[in-house]
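Engineer: With the sequences and hints as input, model every part of the structure.
6 protein chains.
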Amino acid sequence: MEHESKTIAALASVTTATLTTLLLKKGLRNVWMRGTQPVRSEQARVVGRAFTLRFIPAREDQATPESWAKPTSTRGAIEAMPAGCVAIVDARGVTDAGIFGDILCARMQQRGVAALITDGVVRDIHGVLGTHLPVWCQGAAAPPSVAGLTFVNWQEPIGCGGVAVFPDDLIVADDDGAVVIPQALIDFVVDEGEEHERYETWVVSEVEKGVPLPGLYPANEEAKKRYEDWKKAK
Amino acid sequence: MEHESKTIAALASVTTATLTTLLLKKGLRNVWMRGTQPVRSEQARVVGRAFTLRFIPAREDQATPESWAKPTSTRGAIEAMPAGCVAIVDARGVTDAGIFGDILCARMQQRGVAALITDGVVRDIHGVLGTHLPVWCQGAAAPPSVAGLTFVNWQEPIGCGGVAVFPDDLIVADDDGAVVIPQALIDFVVDEGEEHERYETWVVSEVEKGVPLPGLYPANEEAKKRYEDWKKAK
Amino acid sequence: MEHESKTIAALASVTTATLTTLLLKKGLRNVWMRGTQPVRSEQARVVGRAFTLRFIPAREDQATPESWAKPTSTRGAIEAMPAGCVAIVDARGVTDAGIFGDILCARMQQRGVAALITDGVVRDIHGVLGTHLPVWCQGAAAPPSVAGLTFVNWQEPIGCGGVAVFPDDLIVADDDGAVVIPQALIDFVVDEGEEHERYETWVVSEVEKGVPLPGLYPANEEAKKRYEDWKKAK
Amino acid sequence: MEHESKTIAALASVTTATLTTLLLKKGLRNVWMRGTQPVRSEQARVVGRAFTLRFIPAREDQATPESWAKPTSTRGAIEAMPAGCVAIVDARGVTDAGIFGDILCARMQQRGVAALITDGVVRDIHGVLGTHLPVWCQGAAAPPSVAGLTFVNWQEPIGCGGVAVFPDDLIVADDDGAVVIPQALIDFVVDEGEEHERYETWVVSEVEKGVPLPGLYPANEEAKKRYEDWKKAK
Amino acid sequence: MEHESKTIAALASVTTATLTTLLLKKGLRNVWMRGTQPVRSEQARVVGRAFTLRFIPAREDQATPESWAKPTSTRGAIEAMPAGCVAIVDARGVTDAGIFGDILCARMQQRGVAALITDGVVRDIHGVLGTHLPVWCQGAAAPPSVAGLTFVNWQEPIGCGGVAVFPDDLIVADDDGAVVIPQALIDFVVDEGEEHERYETWVVSEVEKGVPLPGLYPANEEAKKRYEDWKKAK
Amino acid sequence: MEHESKTIAALASVTTATLTTLLLKKGLRNVWMRGTQPVRSEQARVVGRAFTLRFIPAREDQATPESWAKPTSTRGAIEAMPAGCVAIVDARGVTDAGIFGDILCARMQQRGVAALITDGVVRDIHGVLGTHLPVWCQGAAAPPSVAGLTFVNWQEPIGCGGVAVFPDDLIVADDDGAVVIPQALIDFVVDEGEEHERYETWVVSEVEKGVPLPGLYPANEEAKKRYEDWKKAK
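The listed protein sequences correspond, in order, to chains A, B, C, D, E and F.
Start counting the first sequence at 1; every next residue gets the next number (my numbering).
Start counting the second sequence at 1; every next residue gets the next number (my numbering).
Start counting the third sequence at 1; every next residue gets the next number (my numbering).
Start counting the fourth sequence at 1; every next residue gets the next number (my numbering).
Start counting the fifth sequence at 1; every next residue gets the next number (my numbering).
Start counting the sixth sequence at 1; every next residue gets the next number (my numbering).
Because the hints were derived from the structure by calculation, they are not lab data.
Glycine included, every Cβ here is placed at the ideal spot set by N, Cα and C.
There's no promise every hint is true.
As the list claims (entries may be wrong) - One side of the interface only, derived from the structure: several residues of chain F facing chain C at Cβ under 10 Å:
| id | residue |
| --- | --- |
| 1 | Ile56 |
| 2 | Thr150 |
| 3 | Pro157 |
| 4 | Ala184 |
What the hints assert, rightly or not - Have a look at the derived ranges for each label pair, beta carbon to beta carbon:
| id | chain 1 | residue 1 | chain 2 | residue 2 | range |
| --- | --- | --- | --- | --- | --- |
| 5 | C | Lys234 | B | Arg198 | 55 to 65 Å |
| 6 | C | Asp191 | F | Ala83 | 45 to 55 Å |
| 7 | E | Lys25 | D | His126 | 18 to 28 Å |
| 8 | A | Glu79 | E | Pro167 | 20 to 30 Å |
| 9 | A | Ala83 | E | Pro167 | 33 to 43 Å |
| 10 | A | Asn220 | F | Asn153 | 31 to 41 Å |
| 11 | F | Ala9 | A | Glu195 | 44 to 54 Å |
| 12 | E | Glu221 | F | Gly130 | 55 to 65 Å |
| 13 | F | Asn153 | C | Asp191 | 32 to 42 Å |
| 14 | C | Asp191 | F | His126 | 41 to 51 Å |
| 15 | B | His3 | E | Glu221 | 38 to 48 Å |
| 16 | A | Glu195 | F | Ser13 | 47 to 57 Å |
Structural biologist: Spelled out as structure tokens, the structure:
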């Protein structure tokens with residue numbers, strides 16, 4: 001748990017832009033979820049373990065308001081979410097039925113869920129914003145989920161925005177969207193991420209002094225030396 | 001007319017999320033217009049009767065600046081709009097030609113039109129925002145309507161965002177988008193809407209106390225009783 | 001150069017909505033770039049000469065972080081950009097790989113580039129906004145360009161948002177998006193643009209007095225006379 | 001009527017490829033209907049006057065099997081179709097509800113309708129092929145039209161495949177799809193079409209002899225002379 | 001089992017067009033799978049129980065040729081398929097990675113699988129056609145499934161072509177595509193289907209005699225009587 | 001040249017399905033061109049060097065019938081094509097303007113061009129089929145290229161169907177579509193391809209004997225041994 005806390009703390013200062021660059025070096029190109037965006041402009045970066053939910057398309061005999069009372073319901077899924085998790089919802093990219101509204105988001109906020117991320121949309125966006133739950137999604141739609149989607153289960157492997165997400169994968173989301181980090185690569189991105197951010201900070205300071213990019217970014221030998229000197233001088 | 005005023009007043013406090021839930025109970029799944037969003041973030045909810053306009057694709061021999069002076073023009077349509085109506089424009093989802101700019105929106109605002117809703121886009125968005133006309137659309141584009149669309153007629157049955165709209169249907173729009181209410185179901189949604197909103201207010205207050213959702217939303221017998229007690233106590 | 005400065009100054013007060021209307025009169029319907037929007041809401045209008053960049057899809061053996069150090073790189077392109085130019089980037093509409101991040105935008109801002117316009121997306125949007133470089137794009141994505149795109153060359157004819165752009169075409173961008181003005185039509189739009197804006201200002205003032213649009217916009221003979229009187233009286 | 005028959009006979013040997021080239025010379029770029037294709041591979045070229053039908057999206061309270069018995073129904077429209085007309089159906093590009101099946105197509109065939117053209121799909125494709133009615137569409141779907149569409153009216157201006165079609169416009173369809181010819185340009189395309197086809201026949205014969213295209217197509221002065229000689233020799 | 005055989009035999013002569021009409025009468029509008037088509041033109045109608053397979057997007061660390069040897073692989077799924085079942089594969093509409101090629105199709109054919117239906121594509125289409133397995137899909141692509149998809153599991157609820165499919169739902173597929181029949185409605189469609197097909201046969205025969213559709217389809221009282229007489233006379 | 005001939009001969013019996021599998025093993029996932037299909041069902045496999053052509057969107061002042069006579073025209077490009085090359089055309093996925101018709105295809109056939117491959121469409125499809133030039137494309141459209149596209153240049157790096165193609169890359173196309181093989185990997189795929197096809201032939205023969213796939217495909221040690229025995233016995 002201590003290791004987990006350290007990981008989450010370390011990743012809290014690494015952008016999703018940096019994470020995708022690092023994962024690309026390991027051959028992973030498909031880790032950023034398409035279409036999902038922060039619902040508010042100054043939404044804080046979020047780091048946490050994936051708690052997955054899965055919807056399939058609606059069929060009129062299955063997707064009814066009555067289904068909301070079934071044990072395998074979105075309500076049941078929310079009660080199973082541990083504090084600090086990031087709920088990742090496979091809505092199959094459906095944008096004309098809101099998966100959750102203000103009441104479900106309020107309950108998630110109560111339970112200490114870190115964020116809601118989906119390739120679908122929410123409903124009652126005014127109320128959702130009022131709950132202060134951090135949300136990444138494709139926008140808002142008035143119709144309830146049952147107008148287009150049927151809830152199936154939680155903690156299964158899912159797709160979200162064209163990306164595979166497995167239960168308990170590590171998720172980071174910021175203004176550029178949401179990224180999944182496979183378990184086996186967490187230590188790598190934690191180790192490299194801090195250094196990468198430090199180097200980019202130095203590059204920005206060089207650019208601000210008027211240094212051209214060729215030779216600086218990526219760095220040639222001379223630039224690398226200057227960077228090392230800058231690090232020592234700090 | 002008094003009944004109409006009461007209806008509009010009653011629906012002014014019912015969200016489109018609630019309306020789509022109620023209409024779904026009556027078997028109507030396709031009443032929310034896809035793609036159309038409020039042009040500003042704090043735009044007030046709008047309720048009014050639909051005044052429909054219909055465009056077809058542009059053909060170079062038909063869609064010319066000269067056509068704007070014809071009697072069956074968008075200008076003629078605007079002069080036919082009654083105060084309080086909601087102009088619903090079938091732009092066939094075209095997003096690279098703005099149906100209206102600041103001048104037409106200014107005239108609509110002058111005439112007391114309640115709102116402009118379209119599955120297309122507007123142009124001169126800076127000027128449109130300046131008119132203070134409430135607008136729901138897919139965004140902005142610089143080209144004039146004739147670059148992609150030809151105006152045909154007004155007060156015909158249309159499609160808008162994948163939804164059928166007939167002249168004088170009741171329209172409600174808010175932060176979640178725009179919904180059509182068929183004439184025959186207006187009294188039903190007015191009657192049920194107020195109660196639905198009251199119940200959801202109570203649910204939110206329960207959630208804020210830490211009550212889990214299963215059994216509460218939808219309510220089991222015990223929750224129903226508590227809700228009835230809460231209503232009496234108010 | 002003086003003529004150029006006058007052109008740019010003159011076009012600084014002509015909206016892209018007006019420009020597309022004027023170009024349509026000359027038979028040009030396809031001059032507005034689809035999909036690209038200002039990244040911030042109060043972004044100032046930009047006028048400048050196109051400096052084109054071209055990407056093709058990524059191939060894993062070509063699009064690598066290592067390629068960033070090649071002479072024909074985005075870094076090289078930026079060093080070739082003259083002050084005041086508008087960088088127009090053909091990203092083939094790809095929205096899951098950011099063409100540029102904060103460091104490249106910071107360098108462009110340093111070099112006096114007037115704006116970055118693309119039918120793709122940027123990355124590290126938080127940092128990009130911090131550079132204050134004016135940007136028109138489709139949004140943000142975390143992955144680096146090499147995850148989806150390979151940079152090819154600069155100052156070639158390109159497509160951007162479904163529009164042909166040739167090096168040194170004149171570009172104007174505002175809240176409605178970005179428009180290309182072919183070289184041969186610059187003097188025409190400068191001459192007509194000022195008058196068009198003046199006339200629309202007068203129309204708005206008439207509308208605010210309650211004058212209906214038919215006969216006013218477009219103007220009939222009587223309205224034309226009143227407009228001429230208004231101009232003289234100014 | 002005689003003129004009409006001659007027109008139709010003349011256009012029976014002009015390809016839609018030639019027609020779009022000729023109309024482009026007159027400034028009409030948007031006359032070919034997107035998405036609609038012949039349902040069988042050796043379907044004969046069709047020429048006729050447009051008889052338009054218009055659908056809007058389905059609303060569950062309107063689009064029911066019961067609606068098929070209303071006077072303003074697709075059945076009523078078919079009985080109003082004159083022999084030799086080309087039925088053009090605006091299905092708004094909907095591909096998951098078949099506008100017509102075998103029975104309606106059989107009745108159209110009985111009434112001497114020349115062809116059915118739509119930007120939607122048909123249903124019971126096996127039966128439709130059996131009626132021998134020439135059909136251009138986007139393919140087949142099992143659900144009835146009421147599952148996605150509501151029929152509105154006939155002989156109104158419509159859009160089909162992104163093209164404006166007015167009642168009684170002339171329509172030509174072949175293996176490349178369907179084209180609309182505005183009334184005012186019919187004589188032009190009849191006059192030019194025959195010559196254009198003759199010239200292309202000669203070009204093909206030259207190509208088969210091994211003549212390169214530059215100078216031949218388009219023709220330079222020398223090639224024009226050779227072509228004129230060939231025409232005289234025929 | 002006998003009942004099952006009778007059901008399958010009865011449905012073998014009912015078109016998917018008829019089935020969607022009947023299910024619509026029961027309020028089910030979303031039962032036809034979008035995008036999936038027969039791979040050959042004279043493919044026989046198929047009826048059988050759904051055996052579901054589920055893919056999610058590919059992640060480079062999961063979707064490898066090595067994964068094909070895992071126990072939860074597509075190979076394992078095929079060995080679990082009972083004879084006569086219809087394999088329904090949720091490929092999330094991905095069209096640039098073929099889910100199965102000739103070898104897997106050959107094994108399915110060996111095991112007596114009735115058909116393969118997917119909203120994705122197959123690969124090695126030449127070989128797949130050679131196996132004679134009936135297939136409904138979106139076409140062909142050369143890349144292996146692991147280039148875009150990761151196999152997850154079988155016999156779970158899935159989405160296919162925008163339709164919910166549960167294990168053991170009844171599936172019917174013909175030239176118009178594939179339809180799911182929920183368990184609770186099987187007896188209804190078997191009972192109604194035969195009569196519906198008989199009635200449509202009679203309507204076609206009437207149309208061939210020149211009877212107009214209004215009053216005939218749907219039938220008025222007089223037509224109903226004539227139909228009943230026709231039935232008795234058979 | 002002899003090596004080239006051997007390469008082409010060797011690849012003539014390797015499917016694109018096999019090639020994408022082999023290239024994936026080398027980390028190349030994006031080598032198959034999306035959307036492009038053979039225009040006839042029994043079109044023979046084609047192998048050859050890429051000769052690239054590039055279009056950008058049309059601008060009315062650039063894309064005119066007159067432009068066809070310019071030196072940098074599609075006609076000029078065709079005269080530059082060497083015998084045996086595969087013309088790969090970047091049409092930016094435009095499907096409403098045909099890049100080439102029967103005359104240009106006839107000239108390519110005359111010059112010994114091996115095939116035409118594009119992510120766009122052809123026109124006068126009836127005539128194109130008559131030239132017997134092998135073509136892979138998205139279908140047919142009547143309008144000429146200038147209705148939507150402007151030709152720019154040949155033998156530049158391009159994108160086609162979402163794939164990067166460089167001049168002289170090796171191209172293979174069959175019923176599953178078209179694949180690019182980077183220069184550096186040609187010897188690898190030639191070496192592995194033949195063995196891969198042999199192994200799959202053996203697997204099919206095993207499947208036809210009723211052997212289940214797990215353990216066979218991919219092969220376990222026992223299956224590998226049997227395969228080696230089978231090879232020796234041949």
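Engineer: It remains to establish, for every hint, whether it holds in the given structure.
Structural biologist: These are the hints, each one checked on the structure:
no., hint, verdict
1, Ile56, "4 Å, holds"
2, Thr150, "5 Å, holds"
3, Pro157, "5 Å, holds"
4, Ala184, "7 Å, holds"
5, Lys234/C with Arg198/B: 55 to 65 Å, "58 Å, holds"
6, Asp191/C with Ala83/F: 45 to 55 Å, "54 Å, holds"
7, Lys25/E with His126/D: 18 to 28 Å, "22 Å, holds"
8, Glu79/A with Pro167/E: 20 to 30 Å, "27 Å, holds"
9, Ala83/A with Pro167/E: 33 to 43 Å, "35 Å, holds"
10, Asn220/A with Asn153/F: 31 to 41 Å, "33 Å, holds"
11, Ala9/F with Glu195/A: 44 to 54 Å, "51 Å, holds"
12, Glu221/E with Gly130/F: 55 to 65 Å, "56 Å, holds"
13, Asn153/F with Asp191/C: 32 to 42 Å, "34 Å, holds"
14, Asp191/C with His126/F: 41 to 51 Å, "49 Å, holds"
15, His3/B with Glu221/E: 38 to 48 Å, "40 Å, holds"
16, Glu195/A with Ser13/F: 47 to 57 Å, "50 Å, holds"
When held up to the earlier numbered hints, the structure conflicts with none and fits them all.
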